[in-house]
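Here is how the chains run, residue by residue.
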Amino acid sequence: MRKLYVMGIESTAHTFGCGIVSSNGEILSNLRSEYIPSSGGIHPREASQHHASKASTTIKQSLDVAGLKLNELDAVAISLGPGLGPCLRTGATVARAIALMIKKPLIPVNHCVAHIEIGRLVTKEDDPLVAYVSGGNTIVSAYSDGRYRVFGETLDIALGNCLDAFARSLGLSHPGVPKLEALAEGGKNFIPLPYVVKGQDVSYSGLLTMATRKIPEVNPSDLSMSLLEVAYGMLAEVVERALAHTEKPSLLLTGGVARSPRLQRILKAVCDEHSARFYVVPPDLAGDNGAMIAWTGYLALREGISVPVDSSYIRQRWRLDEVEVPWRR
Amino acid sequence: MEKMTLIKKGAEAELYRMTWMGRDSVLKRRIKKLYRNPDLDLYIRTTRTSLEAKLLSEARRLGVPTPIVYSVDLKNAEIIMSFIPGSPLKKIIPKMDRESLHETFSLVGSLVGRLHKGGIVHGDLTTSNMILKDDALFLIDFGLGDHTFDLEARGVDIHLMRRALESSHHEVSKWAYEGFISGYGEIMGDEIKDILKRVSEIRRRGRYVEGGR
Chain A
1 MRKLYVMGIE STAHTFGCGI VSSNGEILSN LRSEYIPSSG GIHPREASQH
51 HASKASTTIK QSLDVAGLKL NELDAVAISL GPGLGPCLRT GATVARAIAL
101 MIKKPLIPVN HCVAHIEIGR LVTKEDDPLV AYVSGGNTIV SAYSDGRYRV
151 FGETLDIALG NCLDAFARSL GLSHPGVPKL EALAEGGKNF IPLPYVVKGQ
201 DVSYSGLLTM ATRKIPEVNP SDLSMSLLEV AYGMLAEVVE RALAHTEKPS
251 LLLTGGVARS PRLQRILKAV CDEHSARFYV VPPDLAGDNG AMIAWTGYLA
301 LREGISVPVD SSYIRQRWRL DEVEVPWRR
Chain B
1 MEKMTLIKKG AEAELYRMTW MGRDSVLKRR IKKLYRNPDL DLYIRTTRTS
51 LEAKLLSEAR RLGVPTPIVY SVDLKNAEII MSFIPGSPLK KIIPKMDRES
101 LHETFSLVGS LVGRLHKGGI VHGDLTTSNM ILKDDALFLI DFGLGDHTFD
151 LEARGVDIHL MRRALESSHH EVSKWAYEGF ISGYGEIMGD EIKDILKRVS
201 EIRRRGRYVE GGR
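Chains A and B are the protein sequences, given in the same order. The first sequence begins at 1 in full-length UniProt numbering and counts up by one. The second sequence begins at 1 in full-length UniProt numbering and counts up by one.
Simulated from the structure, these hints should not be mistaken for laboratory data. Just so you know, these numbers come straight off a predicted model, no measurement behind them. The beta-carbon is built from N, C-alpha and C at its ideal position, and this holds for glycine as well. Any given hint could turn out to be false.
[To be verified] Cβ-to-Cβ under 7 Å is the rule here; a few derived chain A residues that face chain B:
no.	residue
1	149
2	229
3	241
[Claimed, not checked] When the alpha-carbon atoms are kept at most 30 Å apart in a straight line, the in silico BS3-like pairs for lysine-lysine are as follows:
no.	chain 1	residue 1	chain 2	residue 2
4	B	9	A	268
5	B	117	B	197
6	A	248	B	90
7	B	90	A	268
Taking the hints into account, I'd like the entire structure generated from these sequences.
As structure tokens, this is what we get:
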């Protein structure tokens, strides 16, 4: 069979990404441009303006790196959700335009599924338990009967959101998590903070509030160390319970926070205890990117999945466990 | 101490079957986690052990079948309790028809109702934590529970039950949950309205549920 090429466009949050993959799983290009707020957290409208202004150069570079022309593509995949409305709309508009222009199918991709599929592609691990941790998501998931089921998730804010917001309160500049981890290296005294595990779920909002409140009172290294211990410890506990419950042979860590060496060490230790293999998505594919959308788009294309341009609505709250993944059957 | 046989190594604890003062018993030991800060680890293991021992006894007094607590050793995070012969509900569900599913979960709902009426939330309502022995259903694993009459805590309990059904028993979760709510409603009476309203709020609050925010 002829080799197929799929372009993927990602714009759910702060990153505009464009990647191109081939049907045999090569990542031909993976370009991205990240919106960095001058202060505070992500502002959806400003982020979407950033995406609009960077879209054409990012796409052009992506084609150049892959050595392809637009009309050599076989499909365009678009991350339709979950994410921030204005950001999603910008990416979707661009993807629709390209699909119409080259008269090729538009493939709807769920952002969370894409984080899992790119991990499966690069680690070659077929059926892992997945810990997907980023600024917007904290999900422990495993495949069962046609879908990625959610075994545990956050009841309120995401792990990355909690750590980023705390880092900003400490005055650390973007990206906050590596600086927070460096600061925590010097921590000696553990400061008790709310450790909230409810069933298989975690809650980070109380932890963030309490840690932020303690900033004026205690040593910042001690506080950072304690926050990370509690935040990662909660995730490790629900991952461990899910490993025991699902009896999956391995764990795949994916999403932006997967880059954390401290979190990797903790989850590796959890896996060792349960004789499970541990895999991490490499740094350039851990955060939001277009290649993961392209690859998942290819998997869907192979199953005949596409969406007419005039009904390719964005879905801000599109849950991982709503998506059928027929390529796993 | 008599000889102990490991019967289960869970994520949090090891369970050993043993004879204690002539009784068929289980020793539950919360294991040290080397990946956790030692202070945090000790705090988690001792508070959960102490809470679990208290809640197991209190739940029994409310008419909810639980193992009898014989002995507690906080320093080693150990509880010795009566052994419940039977199978976890998780294993039996696949063999159940819709009618017995409804009946069983109606019983689960009424037991959870008794806990809530009595000021206890379980905190980890999954089908692995329910043991069916003849016609009696035992609840175990109270380590994530709490003493509270709080609407939010009750709502989270019900939300977790629903989620556990959807993730582990998705093909029958609808019937099971309906049964659960009917049994729970019988005990809770009018209070159930506010609780179910809160459950749907909690569900929407969760990440990315359609129709939320």
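Hints and how they fare:
1. 149: holds, 5 Å
2. 229: Holds, because the Cβ-Cβ distance from residue 229 of chain A to chain B comes to roughly 4 Å (cut-off 7 Å).
3. 241: Holds, about 4 Å.
4. B:9 - A:268: holds, 19 Å
5. B:117 - B:197: holds, 18 Å
6. A:248 - B:90: holds, 17 Å
7. B:90 - A:268: holds, 28 Å
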